[in-house]
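Protein sequences appear in the order of chains A and B.
Those letters in the first sequence? Residues 1 to 216, by our numbering.
Those letters in the second sequence? Residues 217 to 588, by our numbering.
Errors might be hidden in some of the hints.
As the list claims (entries may be wrong) - With a cut-off of at most 16 Å between alpha-carbon atoms, the simulated EDC-like pairs for lysine to aspartate or glutamate come out as follows:
#, chain 1, residue 1, chain 2, residue 2
1, B, LYS579, A, ASP154
2, B, LYS579, A, GLU73
3, B, LYS269, B, GLU372
4, B, LYS229, B, GLU486
5, B, LYS269, B, GLU486
6, B, LYS296, B, GLU486
Just so you know, these hints were derived from the structure itself, not from any lab.
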Amino acid sequence: MLRAENLTKTYGTKVKTVAVDGVSYTFEPGRCYAIVGPSGSGKTTLLYLLSAIETPDSGTVYFGDMDLFAMGEDERARFRARHFGFVFQHFYLIPYLNALENVAVRFYLKGDKVDWGKARQALERLGIDEIKKPYEYSGGQQQRIAIARAIVTDPDVLFADEPTGNLDSKNSRMVFDILREIASEGKTVIVATHDIELAGTCDTIIRLKDGKIASP
Amino acid sequence: MFLTLAAKSITYKPLRFILTILGLAVAIAGLVSLMSFGEGARKAIRRGLEAYKPRILIYRGDFFMPTPLVPIEMADSVKKLGVGDVYRLVRIAKPIGFPPKGMAIVIGMDFASRIRFIEDYTLLEGRDLTDSLKREALIGEKVAQTLGYSIGDTVEVGKGKYVIVGIIKSPSGISTNAIVVPVNLLIRDYDFRNILAVSVVPENIEKTDSIAQVLKERFPDYQVQTTQEMARLTESMVAIGDIIRFALSAIALFVATVSLFAIMAITVQERTWEFGVLRALGGTRRLIFNLVLAQAILISILGWVLGIVLGLIIIKIINVVAYQKLGFEFATLTLRLGLFSLLIAIGIGIAGGFFPALTAVRKSIREAIGRI
Numbered sequence: 001m002l003r004a005e006n007l008t009k010t011y012g013t014k015v016k017t018v019a020v021d022g023v024s025y026t027f028e029p030g031r032c033y034a035i036v037g038p039s040g041s042g043k044t045t046l047l048y049l050l051s052a053i054e055t056p057d058s059g060t061v062y063f064g065d066m067d068l069f070a071m072g073e074d075e076r077a078r079f080r081a082r083h084f085g086f087v088f089q090h091f092y093l094i095p096y097l098n099a100l101e102n103v104a105v106r107f108y109l110k111g112d113k114v115d116w117g118k119a120r121q122a123l124e125r126l127g128i129d130e131i132k133k134p135y136e137y138s139g140g141q142q143q144r145i146a147i148a149r150a151i152v153t154d155p156d157v158l159f160a161d162e163p164t165g166n167l168d169s170k171n172s173r174m175v176f177d178i179l180r181e182i183a184s185e186g187k188t189v190i191v192a193t194h195d196i197e198l199a200g201t202c203d204t205i206i207r208l209k210d211g212k213i214a215s216p
Numbered sequence: 217m218f219l220t221l222a223a224k225s226i227t228y229k230p231l232r233f234i235l236t237i238l239g240l241a242v243a244i245a246g247l248v249s250l251m252s253f254g255e256g257a258r259k260a261i262r263r264g265l266e267a268y269k270p271r272i273l274i275y276r277g278d279f280f281m282p283t284p285l286v287p288i289e290m291a292d293s294v295k296k297l298g299v300g301d302v303y304r305l306v307r308i309a310k311p312i313g314f315p316p317k318g319m320a321i322v323i324g325m326d327f328a329s330r331i332r333f334i335e336d337y338t339l340l341e342g343r344d345l346t347d348s349l350k351r352e353a354l355i356g357e358k359v360a361q362t363l364g365y366s367i368g369d370t371v372e373v374g375k376g377k378y379v380i381v382g383i384i385k386s387p388s389g390i391s392t393n394a395i396v397v398p399v400n401l402l403i404r405d406y407d408f409r410n411i412l413a414v415s416v417v418p419e420n421i422e423k424t425d426s427i428a429q430v431l432k433e434r435f436p437d438y439q440v441q442t443t444q445e446m447a448r449l450t451e452s453m454v455a456i457g458d459i460i461r462f463a464l465s466a467i468a469l470f471v472a473t474v475s476l477f478a479i480m481a482i483t484v485q486e487r488t489w490e491f492g493v494l495r496a497l498g499g500t501r502r503l504i505f506n507l508v509l510a511q512a513i514l515i516s517i518l519g520w521v522l523g524i525v526l527g528l529i530i531i532k533i534i535n536v537v538a539y540q541k542l543g544f545e546f547a548t549l550t551l552r553l554g555l556f557s558l559l560i561a562i563g564i565g566i567a568g569g570f571f572p573a574l575t576a577v578r579k580s581i582r583e584a585i586g587r588i
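Excised from the complex, chain A in its bound form (with noise of 0.2 Å):
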């Protein structure tokens, strides 16, 4: 289970925002949560403070009884490669580095020995069978290898960040039927979109609107 509790983050030092104003709020596993909101409603941003990407001005992250905000730095990039996945909107692959590589990335940064058979299996879940280099895929296939790499090993959590914010209509909706997939075995799926068609698909929607939740 993972809770904001009181979520606050301003960015600016003359002009100040806020993009976070003490945002609560419990995520139970086994369940997609798509966060709405215009450009500008903080949405990228509260995705960031919940995945402990992001450090919040006041307030803070629970996983379980685990405050994630009272652990250091390293310990909270350690915490995130244990329990969290992480779908960002430009797919962010390793340019130099082939899908297969791109994927098994995650057991080296988690600190576990590279599972090459578990990186494969994630890609040919998510329909990948061939194995190059990023640029040669379509959008759709990047991010489908994107969020291979986020589930490879077994995060509790998967964060996605506008995913289909660079995808066309049918990649935008194979990802949601994707992240709905994870939910359903179990896992916390929480994406930022602006796409409402595709926020409905998921179980709860949560409405951001200049930083607060406008209705759970």
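Since the structure of chain A is already known, use the hints to place chain B on it.
Chain B in isolation, oriented as in the chain A frame:
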């Protein structure tokens, strides 16, 4: 996986990678080839001293440029002390060929001494000198090659003419470049009143130092030096040469370090998002720092490998030319020099990669991911 990440990332931009490695390789090759003179000199000194029979040298003037200021009678005075076998050293540098094609060293063979000659040599052709009064000569292999001399030909030394009876060589290169004639005839041909040095081979080698002390006290106006002292002196001269040569190659090494720093800084700037992603996925700052540093060190090690290959080629060329001109090879790539240059290369990697590696981990993950 760490090495895969480090190795694959540096080959991502092949032209940049090749040029950086080439720059490092040239600097390392410069270092290795310059320092190889010192290593070669050390090796030659050791070889020369191993072959050098006299243990004590009595001379006047500078050790590296002794002048013939020792009276011929000095040898008899030393002999009377009964401290060992006494050898008269007469040595003259003589241009060979016309126009001169090189220098030969005319050295006297002292039949009155038990050791007869200053070093052991190998007879390649013909026979040895047998008579102190016969106008016969041995010539070094290099001299024979340069002048096209063979057994039976005549060689002119001073006012004298000598029939070549043997061709010789030695590992030190002295005999290879020498014209060896009986010392009595050599003194007569040049009307010498003085010789270069009187050398002593003690009966008991272990007493060399105490005998040298006795000779120093007995002949206070002369320099008395044991081979060990000579070795120390030459070693220190070589060491000074090493410092000068290293200082010269340091310029190229500095340029290589700055180049590597610049390339790593650009690379880190371009790959900031990648480091952000790796950290978002669970990589620690330390891991990213180590990754960037490993890339810089890997580049410098590859540069070192290529530098060693280039250095070996340069050394080979130097040695071919040196052998043609001097009759011995004086540049050597020793294991010690190889390891020293590897340390320097790793040092360049650390110096060139440290600050870019720090830059790579300074940004927050979000800031880093935002840069693409």
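Evaluation of the provided hints:
For a cut-off of 16 Å, the pair hint linking LYS579 (chain B) to ASP154 (chain A) is broken: about 28 Å separates their Cα positions. For the hint pairing LYS579 (chain B) with GLU73 (chain A), the CA-to-CA distance comes to about 13 Å; that is within 16 Å, so the pair holds. Restraint check for LYS269 (chain B) and GLU372 (chain B): not satisfied, since their Cα atoms lie roughly 27 Å apart, outside the 16 Å limit. Under the criterion of a C-alpha separation no larger than 16 Å, the hint pairing LYS229 (chain B) with GLU486 (chain B) is consistent with the structure, at around 11 Å.
With a C-alpha separation of about 66 Å, the suggested pairing of LYS269 (chain B) with GLU486 (chain B) is violated against the 16 Å cut-off. At most 16 Å may separate the alpha-carbon atoms for a hinted pair to count; LYS296 (chain B) and GLU486 (chain B) exceed this at roughly 83 Å.
Hint check: violations occur at hints 1, 3, 5 and 6; the rest are consistent with the structure.
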